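In full-length UniProt numbering, the protein residues as written are 1 to 599.
Rather than coming from a laboratory, the hints here were simulated on the basis of the structure. Mixed in with the good hints there might be a few duds.
As the list claims (entries may be wrong) - Across the chosen pairs, the derived CB separations fall in these ranges:
id, residue 1, residue 2, range
1, K105, H292, 53 to 59 Å
2, S421, S9, 18 to 24 Å
3, E138, S213, 29 to 35 Å
4, R193, A377, 45 to 51 Å
5, V523, P440, 21 to 27 Å
6, T299, T49, 43 to 49 Å
Note that the structure is predicted; figures quoted are calculated from it, not measured. Glycine included, C-beta positions come from ideal geometry on N, C-alpha and C.
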Amino acid sequence: MAVMKPIASLDIPTGEEWLYEIKYDGFRCVMHWDKDSIRLTSKNGKNLTESFPEIVEFCSEHESTVANFLPLILDGELVVLNTDYQANFALVQQRGRLKDSTRIKQAAEERPASFLAFDIIGLHGTSIEKEPLLKRKETLATVFQQIGKGKTLSFVPGHSNPKQLWDILFDHKGEGLIAKRKNSTYQVGKSHRDWYKIKNWRKLHGFLTTYDSQNNYFTVGIYQGDDVTEIGKCAHGLRETVFATLKELFLTNGEKRGAFYHLPPAICAQIHSLDLYKNELREPAFASLLPHEQPSTMTRKRLKLDMAMLPETIELTNTDKTFWPKPGYTKGDLLTYVREISPYMLPFLKERALTIIRSPDGVEKDFFYQKHLPEYAPNFIERIPAGDNEFLLTCEGLDSLMWYANHGTVEYHIPFQKRASEYPTEIVFDLDPPDRNSFPLAIEAASLLKELLDQLNLISFVKTSGNKGLQIYIPLPEQSMSYEQTALFTQAMAWTIEKAQPKSFTTERMKKNRGGRLYIDYVQHGKDKTIIAPYSTRKTPEATVATPLFWNEVKDGLSPEQFTIHNVPGRVKKLGCPFSDYQLAKQKQQTESILTLIT
DNA sequence: GGTTAGC
DNA sequence: GCTAACCAACGCCCA
DNA sequence: TGGGCG
Ligand SMILES: [Mn+2]
Ligand SMILES: [Mn+2]
1 MAVMKPIASL DIPTGEEWLY EIKYDGFRCV MHWDKDSIRL TSKNGKNLTE SFPEIVEFCS
61 EHESTVANFL PLILDGELVV LNTDYQANFA LVQQRGRLKD STRIKQAAEE RPASFLAFDI
121 IGLHGTSIEK EPLLKRKETL ATVFQQIGKG KTLSFVPGHS NPKQLWDILF DHKGEGLIAK
181 RKNSTYQVGK SHRDWYKIKN WRKLHGFLTT YDSQNNYFTV GIYQGDDVTE IGKCAHGLRE
241 TVFATLKELF LTNGEKRGAF YHLPPAICAQ IHSLDLYKNE LREPAFASLL PHEQPSTMTR
301 KRLKLDMAML PETIELTNTD KTFWPKPGYT KGDLLTYVRE ISPYMLPFLK ERALTIIRSP
361 DGVEKDFFYQ KHLPEYAPNF IERIPAGDNE FLLTCEGLDS LMWYANHGTV EYHIPFQKRA
421 SEYPTEIVFD LDPPDRNSFP LAIEAASLLK ELLDQLNLIS FVKTSGNKGL QIYIPLPEQS
481 MSYEQTALFT QAMAWTIEKA QPKSFTTERM KKNRGGRLYI DYVQHGKDKT IIAPYSTRKT
541 PEATVATPLF WNEVKDGLSP EQFTIHNVPG RVKKLGCPFS DYQLAKQKQQ TESILTLIT
């Protein structure tokens, strides 16, 4: 299926005539949607229909909503989304390779794909390629008004402010932007000057070790300790004269082995790349040569920081300082973690007054709680007045999060209500075993609680606290219950659990009276109480994270130490965020059963 | 981590 | 100019 | 009222 292809560009074209879209990393795909017939075709003509049954199923179910438009042709990107702004190419690629329909079905269940439509080129069976882009976008919007909101099939909106869009994209570490001329027609191929792609390149540092005279590629290496590791091969991006000089250098001074010419680490370069996947750079290209830099500085550690794309809004200090001595994680690792996890974590921090724990010299050194913003804090942190010329802490975006992390914040605690609201946004059960060894008690209690909540038809979520226990969330619709009501419910449930297994569970507050039993901390849910935020790091020796779980993970073998700043970002990308449907559940939650129970 | 009193 | 000291929460419960 | 608790 021949499609209109964007032309690579290093900078964003600006002006009134341009419309901007998020670029997603997936399969470029055209959807032919006719009555009782959905066909997905890649840009190379490959039929993808069988590989993405969830898309086909969604369309079939919603066919009646678009009956008036059929047959229609949508152009878009077939993706597996990590977040609204970042797609997971590795996963969509794996999906495309699956042959067995059972395995395809399973993958569609675990990580469902989305078709993100950015253009419509056929309507009522006739081509509308000659209509201007803005008109096609309007048509597309009309079609999607009928289909409705949904994750499986959605609409990529155009934006007029590229700076704003780039900021969002940067915060989410998205793939890039597409700039499209508003009045342009749809022209297959690349012979146009109307669509440009601007990628969100990571800029990393390495040295060149080998020249391959067969294909003109240079191998990029870095130091890993004293050893040199190769991370990719690079040919494009240099001016012709520079490239020729570089080639000549390798040919004359390099040690020849077959078609290869080797040099010891000396020539340094800045490289553009989309990502590092399995120690291999994706789409690397030269940005520039760095004649004044030392190859000894091009280390694995520096690569990690380069790939993290930490915001440059504030100066990030002491990135080498050890914060978790036991596993050897540094402040740089903390900053990298919060940067990576922010799209998943920020929704739970926004619009709430925070209580943080800071431990500026690492988790084994002095720490303190903080609820008020110091006067010297940057202006981009929103201030909630709290009398006495004091202001409560807020965290509305990545820049704020980075500022907190740079100040040695290792824990983020949040209240159950948003600022300027009296109503809890969720009910949370806090299950505290006496120690890590008793974590199985938390698994037991959580499973029991889950059964009870299921019987009440309540949607619940579970996370590790990152310390010793588990916490169970019941999202509530806006202003649906008061704290007085939720208190009655948490107390009733706590007593039910305690009564069910009094030898294992207790609501006794005094530690000395608990006798090795798990504490059902129902007091912890209330106004002005706080709970550790999802994905917050913890001040534990192992650098554990308060980690959202899938309910089917709550079983023997689960333990809090399995989830650390080292592996949680990867876990969330691979498995998805178990709390991704939290907002949806909040809307759908039926609280009648709770209200009945407490009256 | 940032600020400030004291040397 | 440097170092050291100082500062950075709070509400509820019950003996 | 202050120590325990989170
Ligand atoms: Mn607790
Ligand atoms: Mn310090």
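Tell me, in ascending order, the numbers of any earlier hints that this structure violates.
2, 3
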